[in-house]
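Generate the whole structure from the sequences, applying the supplied hints.
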Amino acid sequence: MDYTLVIALEMVRAVAWLVLLASGLAIIFGMMRIINFAHGEFLMLGGYTVVISTGNGVNEWFAMLVLAPLVVGIFGVLVERLVIQRLYGRILDSLLATWGLSMLMIGGVTMIFGNSVTGVATPLGGMSIGDYQVPRYNFVLIFAAIFLLLAIWAVLKFTKAGLIARATMQNPDMSEALGIPTRWVYMATFGIGSAVTGFAGALLAPMTGVVPTMGVNFIAQSFITVITGGASVITGTLSAAGLLGSISQGMTFLTGPVYGDAALLLAALVLLRLLPQGITGRIFKKSL
Amino acid sequence: MTKLSRRSFLRTTGMAGAASLASPLIARAQSDTIKIGGLHDLSGALDSTGVPMNQVFQLAIKEINEAGGLLGREVEPVIYDPQSNMSLYSQYATQLALKDRVDVVMGGITSASRETIRPIFHRYDTFYFYNTQYEGGVCDRNEITLGTTPAQTVARLIPYGMNLYGKKVYTVAADYNYGHITAAWVKRYVEENGGEVIETEFFPLDVSQFGSTISKIQGADPDFVLSALVGTSHLGFYRQWAAAGMKDQIPVLSTVFGAGGTEQVIMTPEEGNGIISSFGYFEQIDNPTNKAFLDKVAAEYPDKDWVMSEISEVTYEGVKMWADAVAEAGTTERDALLEVLTSGKTYDMPAGAVKIDPKTHHAIRDVYIAELQDQVFQIKENYPDSPPTDTQMVCDLIENPDSNEHFEISL
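Chains as they are written, first to last, in UniProt numbering: chain A, 1 to 288; chain B, 1 to 411.
Reference listing, derived: stretches of chain B covered by chain A, where coverage requires no fewer than 3 residues with Cβ under 8 Å from a Cβ of chain A:
#1 42 to 53
#2 196 to 203
#3 208 to 216
#4 236 to 242
#5 268 to 279
Calculated directly from the structure, the hints in this document are not laboratory data.
We put the beta carbon where it would ideally sit given N, CA and C, even for glycine.
This is how it looks when you write it as structure tokens:
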């Protein structure tokens, strides 16, 4: 019984983790059709923000919840102004440019902070479920993912900004004709997507080591989740993360992490064969 | 004055860059010096390991020169940075052997890099020292291998853990050859000592989430966990293990934690305390040679932010043992040096007494077990004269001096 509970919790955590990892990318890809290849490095930047600021005496939670999204968000806006805005509608060029950006970021961070592993300890400690011990931090991840999805949903659904964003997403030319400055919408979207990614990177920092090259470990999972999910930011991310996360974690429990990884890739492969536009390209088409 | 167009500027600076890439970092000089090649990753993924190795390498050479050089000549380091890139390893190894014509080369970190350069040095008869702990099995008369192998460390660590904690072991290991070979050794030593490996799990190097494994370990309830996890993402295991509150319930022993001299200071005391490792060298070794060595390193590199680990200390050993052999043989010619090195001579090194096994050209050395306490490894046990029995199973250079192979030791 306890074991089942622990497994269930671990699956939920895995899903939450994929949601956090992919949301920023999904916002940028879903709304702007820009593939941000530097996504992993945005995560890394979030992680570094936490490590550096807590190293200088900033409260760990403040660094994770406020500082990291802020820093990476501002960085994202800068990147959008300097690079991305010139590349709308040019998917391949944007891929190449953001790939270059990722190398630039790895090089830059290595130059400033060195190519050594840093990190912060996981806060909150453990708790017991029956005979099992689990990190309390798992719940932070789960709540952060729920909060993030709710926030994106609320903004898109109930605010004027959300309405403008949805209009731009559906038909940029028409929106422009109606007087919406789509350039600014895109800039804000890229900034918000970056901030969300920074947030995920910040939450990642206390779980593993932080190095300039860490991004590459996460980029595959993020892309697979977004592509499998399809164009809708919330439904797509949630359904893909739910499916892939539980499949890979289930396999990890049954066999081991090697097969867990393989199962995730296989599931994505099959899904994309059946639904080439992603899950929300066929089902839940009208969802957010 | 001609106008400098952007294109011509790019061309000339690009060429200057290419030229500086191709020539060694330290100016080449007259042939009246004795040349010693250094191939350590000074940039790229492995630079946090390669930079300390290279610093200690240069310190050892500086010491030799301050004491008057060798055979009345100065020792000149020829250093290249292979940038953690295998094609650069093979390029620079060929340059060292053919163009710079160095007398000996120290270097290579991963087994992949060693297997890239070892055949090159073998082909061109360039004497080669590999100074890294590795999975064992290299059988090459041209190579002196000074780092520890699993039969030296794992063979001590497992019985130590089983005596203290019990016979049920749970292995977590990195999913590449090092992890698989080490896991096989762990299984062998656990069974030899009457215990049982209840589960072995392998993790691809990019896995950073260990929640399900930690739950599985709790379900299996082993007496201790043996970790052969490698790299940054895998540090997550120790972090999440501590965060789950498991650290005080099931002890963790590792064959590799602390190998690069960085993990122990990345982990906070709350996360790292109690992790037990086994290597051929720890900073806390209590002998006068080690004290003098650490003082010299501190004086030479006052700003260093790394902890001396086996891989760096053994690099120092390599240079010093080679220099001692040159002084004794009166030549830099390889076969004469090999004769001295394999004569059974014992070298007094910071890590303790070291000698070369003539059958395998591997080191017979002290092996230590230490426990991490407040970010410092405190030595618990010392096993002098530990032979590389794994490599001895497959390699006999006295009988087959032409051997040029890296055997996979099957268990």
